[in-house]
Structures are given as C-alpha cells and as structure tokens.
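Asks: Chains A and B, in that order, are what the protein sequence lines are. Residue numbers for the first sequence follow our numbering, so the first one is 9 and each next one is one higher. Residue numbers for the second sequence follow our numbering, so the first one is 9 and each next one is one higher.
No lab work stands behind these hints, which were simulated from the structure alone. Please note that a few of the clues may not be correct.
[Stated by the list, open to error] Covered stretches of chain A, going by a simulated chain B footprint (3 or more residues, C-beta under 8 Å):
1) 167-174
2) 180-189
[Claimed, not checked] A few chain A residues that face chain B, going by a derived Cβ cut-off under 7 Å, partial list only:
3) Arg140
4) Val142
5) Tyr144
6) Gln146
7) Glu148
8) Cys151
9) Leu152
10) Pro177
We put the CB at the ideal spot given by N, CA and C, even for glycine.
Now for the letters of each chain:
Protein chains: 2
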Amino acid sequence: MSSDQEENIIKKYKGYLIDLDGTVYKGAERIPTAEIFVKELQDKNIPFLFVTNNATKTATEVKENLLHNFQIDVTEDHIYTSAMAALDHLKELNIGKKVLVVGEASLKQEVQSAGFEMVDKDPDFVLQALDRGVTYQQLEAACLAIQKGATFVATNPDTNLPTEKGFIPGAGALTAFLKACTQKEPLIIGKPYPTIMAGAIKRMQLDKEDVIMVGDNYNTDILAGVHYGVDTLMVLTGFSQLVDIEGKDEQPTYILNDLSEWEV
Amino acid sequence: MSSDQEENIIKKYKGYLIDLDGTVYKGAERIPTAEIFVKELQDKNIPFLFVTNNATKTATEVKENLLHNFQIDVTEDHIYTSAMAALDHLKELNIGKKVLVVGEASLKQEVQSAGFEMVDKDPDFVLQALDRGVTYQQLEAACLAIQKGATFVATNPDTNLPTEKGFIPGAGALTAFLKACTQKEPLIIGKPYPTIMAGAIKRMQLDKEDVIMVGDNYNTDILAGVHYGVDTLMVLTGFSQLVDIEGKDEQPTYILNDLSEWEV
Numbered sequence: 009m010s011s012d013q014e015e016n017i018i019k020k021y022k023g024y025l026i027d028l029d030g031t032v033y034k035g036a037e038r039i040p041t042a043e044i045f046v047k048e049l050q051d052k053n054i055p056f057l058f059v060t061n062n063a064t065k066t067a068t069e070v071k072e073n074l075l076h077n078f079q080i081d082v083t084e085d086h087i088y089t090s091a092m093a094a095l096d097h098l099k100e101l102n103i104g105k106k107v108l109v110v111g112e113a114s115l116k117q118e119v120q121s122a123g124f125e126m127v128d129k130d131p132d133f134v135l136q137a138l139d140r141g142v143t144y145q146q147l148e149a150a151c152l153a154i155q156k157g158a159t160f161v162a163t164n165p166d167t168n169l170p171t172e173k174g175f176i177p178g179a180g181a182l183t184a185f186l187k188a189c190t191q192k193e194p195l196i197i198g199k200p201y202p203t204i205m206a207g208a209i210k211r212m213q214l215d216k217e218d219v220i221m222v223g224d225n226y227n228t229d230i231l232a233g234v235h236y237g238v239d240t241l242m243v244l245t246g247f248s249q250l251v252d253i254e255g256k257d258e259q260p261t262y263i264l265n266d267l268s269e270w271e272v
Numbered sequence: 009m010s011s012d013q014e015e016n017i018i019k020k021y022k023g024y025l026i027d028l029d030g031t032v033y034k035g036a037e038r039i040p041t042a043e044i045f046v047k048e049l050q051d052k053n054i055p056f057l058f059v060t061n062n063a064t065k066t067a068t069e070v071k072e073n074l075l076h077n078f079q080i081d082v083t084e085d086h087i088y089t090s091a092m093a094a095l096d097h098l099k100e101l102n103i104g105k106k107v108l109v110v111g112e113a114s115l116k117q118e119v120q121s122a123g124f125e126m127v128d129k130d131p132d133f134v135l136q137a138l139d140r141g142v143t144y145q146q147l148e149a150a151c152l153a154i155q156k157g158a159t160f161v162a163t164n165p166d167t168n169l170p171t172e173k174g175f176i177p178g179a180g181a182l183t184a185f186l187k188a189c190t191q192k193e194p195l196i197i198g199k200p201y202p203t204i205m206a207g208a209i210k211r212m213q214l215d216k217e218d219v220i221m222v223g224d225n226y227n228t229d230i231l232a233g234v235h236y237g238v239d240t241l242m243v244l245t246g247f248s249q250l251v252d253i254e255g256k257d258e259q260p261t262y263i264l265n266d267l268s269e270w271e272v
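Extracted from the complex, chain A is given alone in its bound form (with noise of 0.2 Å):
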C-alpha cells in the first residue's frame, strides 16, 4: 500500500476516470459495491467518465448496457471509447476525412456520426479495431492502403477478449498482422497509451492533477495513469491481483480491494 494510504491523507478528486468491465462489472456479472460508488458519485455531483478500450460499442449500446444489466442510469456524455478516443484524435491531427475501417458495425456508426467518410481505397487513415467478421480482402486493402502512407490508427492493443468460448483474438491480433504485412508501427490509442487519457481530461475539462483513474487491470488502467501522470486506484474486483505488482516499478497511488472502501 502506499504511503498515502499508510497516513490516512487521501486527497479529494474533482473528476473520477473510470475503467468498466472488471471495475464496474464483471462480463455479466454485477459487482455492487461499484454500483453504490457510481451512485455517490452522481448524489454528489461529481464528474466522473467511463473509460474503455472497447471500440466495439456505440456509447448508446455502452449506456443501454450500464442501465439494463447493471442498473447504472447515466447519459452517453459520461462514456468514452477508444473509437471516440480514435475518433476525437483523428480530427485533431486534421489531415483527412477519409478512413477504412476495419471494425465492427458500431464503430462504423461511430465513425460516421463523427462526420468522417468510410472507403475501401486511397483512405487518409486506416482505422483499426477488433473485428470478430473480418476476412482477409478487407486486412489486404488495409495492408496496401497503409503502405500507400495512410496512417494507421488502432484503437486499442488488446491481445485477446475474454468470451465464454475463451480467450478469443482482440485488436491487438490484427494489429500484428497489419504490423507484419506493411513493417510500420500504428499510433494506439487505447490505454495504457495515452491518447484516451488526453482525450478522457479534455472531454472532463479538468486538470490532470484533479482527476483519478479507477480500474482493475494494472497493464492497461493503471500504466495509463501512471504513463500520463494521473493518479491510480487500483482494484481488487477483476483482472489484476496484488501479486501480478510485486515488484513492479509503477505502482498504483491507492490499491483497495473494492470501491466500498473508496470515500468520495
């Protein structure tokens, strides 16, 4: 635990940063003492934002999820997905509109509500996510596109996705093909990259120095902190355990079993 914690100084946050699957639930699965600290979070009008790497969803289907499955009832304003990361990022390097996608149908949505226009040839971007219907005509002319110096974007380096199936291919699989096939190196915006991250702060219109990054992965929410100069809580309701930090150089500013513990 860190010496924050040791001495009971805990600072107040004026914005909270909030990882979802393994922090605010658990694939379908509820974790209560989550729901109640979303709810103190709104009875005391705090900012806070959800942030995932999940670039397979609309911040409308995020939302519906939250209130249906898991009865936390906020407005799209309070999701942020790598796509819109990807999304809000592509309008700030302003070098084009138009973009091959290679993603699934929600994101297609996303990138055309943001006004950008979709193509199978000569893109100004090529951005990438996962795809569970991809096949290879479409990795092909991503591959000759990018080689032809479109950028290359993805939107977040996750290996794998936990299904019921199993450990199924992520992002981050066709990320390395995609590598492979055209020797460049994209520009990720997921965490633990700090794309989303400027993205999220701007998004709260807050400084980096008021907000808090809350999640259960130390590989993705916690580096992205710690990479970005936001504080970290940790949490011991999903992915990562005490002894996956062991050692670890970059530690989380606060490590807490569960979000009961948390005094907002």
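Using the hints provided, position chain B relative to the given structure of chain A.
Replies: Just chain B now, kept in the frame of chain A:
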C-alpha cells in the same frame, strides 16, 4: 565474390536445391538462362529438387505451372513445398493425426493425401499457411486450439506476396496474428528455417556437403543454406541485389548474374 570464385576452384555438386520464383521464373515472366540450366541438369542426370516456400499449391500444380508456362518438364518428385516439408515433419514428430488447417484448398488436399485428418476442434496440430480466404472464425478456432495445447506449425515466414495488386499479406502476417493472441511461438518450416532444408536433403538421399542451394532471395534461400551448412549460389535475377548483401557476415558461397555463368 568469394575466394572460391576468385581462385576459380568450383566444387562439383551431386545435387541441386533450387528456389522457384525469382530463380527459375519471375512471376509470369521467363528466365531463359534458368530454363537452360534445368535442361542441362536433366541432360547430365544430375539430381535436383525445386524447394519453394509457397504452400498454396500442390506439387502437381507447381509441376503444371512449370510445364505450361516455362517449358520445364519435370515430375512431382522434383517439387518440394513448405507444405510438403511441414507434413513430412509432422509425420516424423508422430504425436497425432488431427490437424486444424488454416490454408487454401491445395494445402488441405496435401494434408489429406498425406494421411492426416482435418478437424475444426481439438487438433493435435494447427498447420497455418497463407489463406487468402481466411475469416476471423477460422483464426479464432486456431487461436483457441493453440491455447489448449495444439502444436503450432507455420509453413513459411513470408510476410508478403508480390502480386499485380501490390505486396499483399503473406503467411507470416497470419502467423503474427496467431502469435499475438496465443503468446506462443510457432515452429516455422520454410526457408530460411532448417526444417525444409532437412526434409529436402533427406528426399534427395544425399549428404549436405554434396548439395548446393540456388536462389535469388538472400533472406530466405541463401540464409537457409548458410544456417543449415549447405553451400549457396545466389543469382541476381530476382529479389536480392549485391547492395542487399554488402557488409553481411554471412555471404553466399557463389554469386552470379544468372545461371548461364554456372557449369554443372
């Protein structure tokens, strides 16, 4: 050029391992000096074996391509693909007959002809080659099988395939995908790896000191020979040029502009 060449003492070899694309032909284009070279080997009854990383064609298809497009008339016994080498190796390993194949129709045909059973689940091996019709579902099945302990075998490491469309993704890009989602290293069969060399020399029933590897690609053909302890002859009719091997520690035994400069 090597000291052997300078001193003009050229060893007589009892057998030739010969690459195809870039060495015997170049895509659809003829290399007449190579055709004459093959004819000389046939006239002098010198054993030779075409050794190719391409695992998308059967030996019969390769033979027919040589006959119809390049007037080279050989039997299937003169063809050794990375698919054939993989199957020879799987037989030697002798740890099962059930194979999940990520590959095209010709590979599947070779797998069945070699006495293996093709399965979708619980294979002993995953045999992965280039598959220009691959889907996410097939890659997912391969990923889950490798995670469960199936031996991961890749026919060849080529990340790209030159076509009229450009450098499309090769077998190596699919391997990168499966490596990323399994965190497992495959056994790679094709050049420059040793398995295909061992299999080819075994088929020729010659000692490795008595054969020479002829090819145009430094990174595959020449390094395959160098690493396996087989003399090498690099021709400048295909992919690699002199500038590509400048300063390399491992040099070909001989370098020629084309095969008209070689006496069998």
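Asks: Would you pick out the hints that fail for this structure and give their numbers low to high?
Replies: 6
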